[in-house]
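Student: Sequences and hints are given; from them, build the entire structure.
Number of protein chains: 2
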Amino acid sequence: MTPALPNTVQIREVGPRDGFQNEPETIPTADKIALIDRLARTGIKRIELTSFVRADVIPQLSDAVAVLEGVDIPDGVSRSVLIPNERGFDNALPHRELFEEIGVFCSASETHNHKNVNRTIDESLAGIDALVPRALEAGLEVEAVIATSFGCPYEGHVDPEKVFGIVRRLIDAGAREVGFGDTTGMANPVQVAAFFGEAIARFGDEVLLTAHFHNTRGQGLANAVAALQAGCTSFESSFGELGGCPVPAGATGNIATEDLVSMLHEMGVQTGVDLPAVLDAARAVAEVLGRPLGSHTLVAGPVVWG
Amino acid sequence: MTPALPNTVQIREVGPRDGFQNEPETIPTADKIALIDRLARTGIKRIELTSFVRADVIPQLSDAVAVLEGVDIPDGVSRSVLIPNERGFDNALPHRELFEEIGVFCSASETHNHKNVNRTIDESLAGIDALVPRALEAGLEVEAVIATSFGCPYEGHVDPEKVFGIVRRLIDAGAREVGFGDTTGMANPVQVAAFFGEAIARFGDEVLLTAHFHNTRGQGLANAVAALQAGCTSFESSFGELGGCPVPAGATGNIATEDLVSMLHEMGVQTGVDLPAVLDAARAVAEVLGRPLGSHTLVAGPVVWG
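Heads up: the protein sequence lines correspond to chains X and P, in order. Plus 1023 on top of the position in the first sequence (first one is 1) and you've got the working numbering. Plus 1023 on top of the position in the second sequence (first one is 1) and you've got the working numbering.
Since the hints were made in silico from the structure, they are not lab data. Cβ atoms here follow ideal geometry from the backbone N, Cα and C, with glycine treated the same way. Check before you lean on any hint, since a few could be wrong.
Claimed, not checked - Below, a sample of chain X positions facing chain P; criterion: calculated Cβ distance under 10 angstroms: (1) Thr1049; (2) Glu1178; (3) Thr1207; (4) Met1209; (5) Asn1211; (6) Gly1324.
What the hints assert, rightly or not - Chain P stretches covered by chain X per the calculated footprint, using a threshold of three residues with CB under 8 angstroms from any CB of chain X: (7) 1245-1259; (8) 1282-1294.
Tutor: Here is the structure:
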């Protein structure tokens, strides 16, 4: 027996942040703006546009304000920015009218958190504790993402209880949504099913729980189905299968938005997203980058049932 | 609730046939032999080595006899050859001592069958009817694969009842195993779960039922999990994600053996296959072909839990 599936899921596009920050060559601001404007007209209702990260750490996103000022996002599409720490939030707040959501994050493993942001997990959480009330006061939605939720490339196994302990702290801090990142693609469908089953049972009534899978070992969509079967209704993905993680080097892309949408629609799960429009956007970013992307549906095209 | 999974599955490697026949440049025979010998030492117990197809149709496999004579396959590893028709079987039979299994096939859609082998399905089945008793008499195992079982790139939907009708005829013809090919990657996990659930209920006591998925739209492993959840214990895959189909042009690769093995082992499902050894073989074929392959684990490496 296949478990019953949700009828509808929501997809947040993270390519303009997670994808663009991982390109070795910085994408010109005008190209970013054109690509984001295209994504914003695909039916996707939430887009992570950029990050207020230090320009010397991630120069690829040093044009955050120019991107936010340049894009033309239709009503009903929520603009999100990633905030790495309190200073990032201080820099973002003067531009409050340019976005509706912020994302904050920490890792579930000390080593990854240290290599990623040079803090302990407790230090990251203290930063989030300080930052979230200010964001809520400013009327912003807050998603908190827990990186390496399913495994750490440095430490190996990550105890789900440790992750759930962080979830509790993030909820107490005021987060309205908690995302679980399989940052380096270590998760498998059995693990994901058990993890999301438990997470939804414990926290599903309090916050939106979001799945963020990478396709590092080709299992990204299999993991998405496992999360879906467990009741997850919120997914993050990246057009063209762009993305990765600053550490370790070589961490590969998010699941491709177009592959996820194609699969979900074929399964009878609605997303509100127009697949051909996403494919157009993926084609456009492939042209900008001038290289083949990891996306499959971009090459094969949608399924045609005749 | 996640359905209980089989503890163990078998994997048949089809790269030397399905993969090599789809390479635009014919792979030198000596390279094929070296790659097959490597695959035969990975723990994989069944390998499709080549096809007795007409050299003018698929010149990439015109060295079938030389490959069969050249390989050095350990005891316990079954050598299989694909047989397109009675004439192919006539050509293969004199080399009977060089293989233990044959594969025969037809499509579930008339248009695909016509474009692939220039016959109606009934003509293909009549050929199989004539051929299988001779193969059984010669002591060969017979697998019959039904291409386009989950959808046809020309006709669209394929009625499962039509596929199951073909299964019945193949069983009656003497086939000991029936494979279902998602030849152009149109299947989705919901469809696969329903299909394999029904197929196993109807035919699981009579024959081995095998899943053959392509990763055309990135859903290959998700479909494999769906089949596994439905009780399927036999899978075909191709090292390096090689493969495709002669028609239509551009049909992309099988699921990668190394991605499938990595996922199954991570899920706690045993295969008897040594993942590092398969990765070595995939690396070797990538070197021979001189191009990046679709395989993910080949790039990322196995999951390391520290």
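Student: Hint by hint, work out which the structure violates, then give me just those numbers in ascending order.
Tutor: Violated: hint 1 alone.
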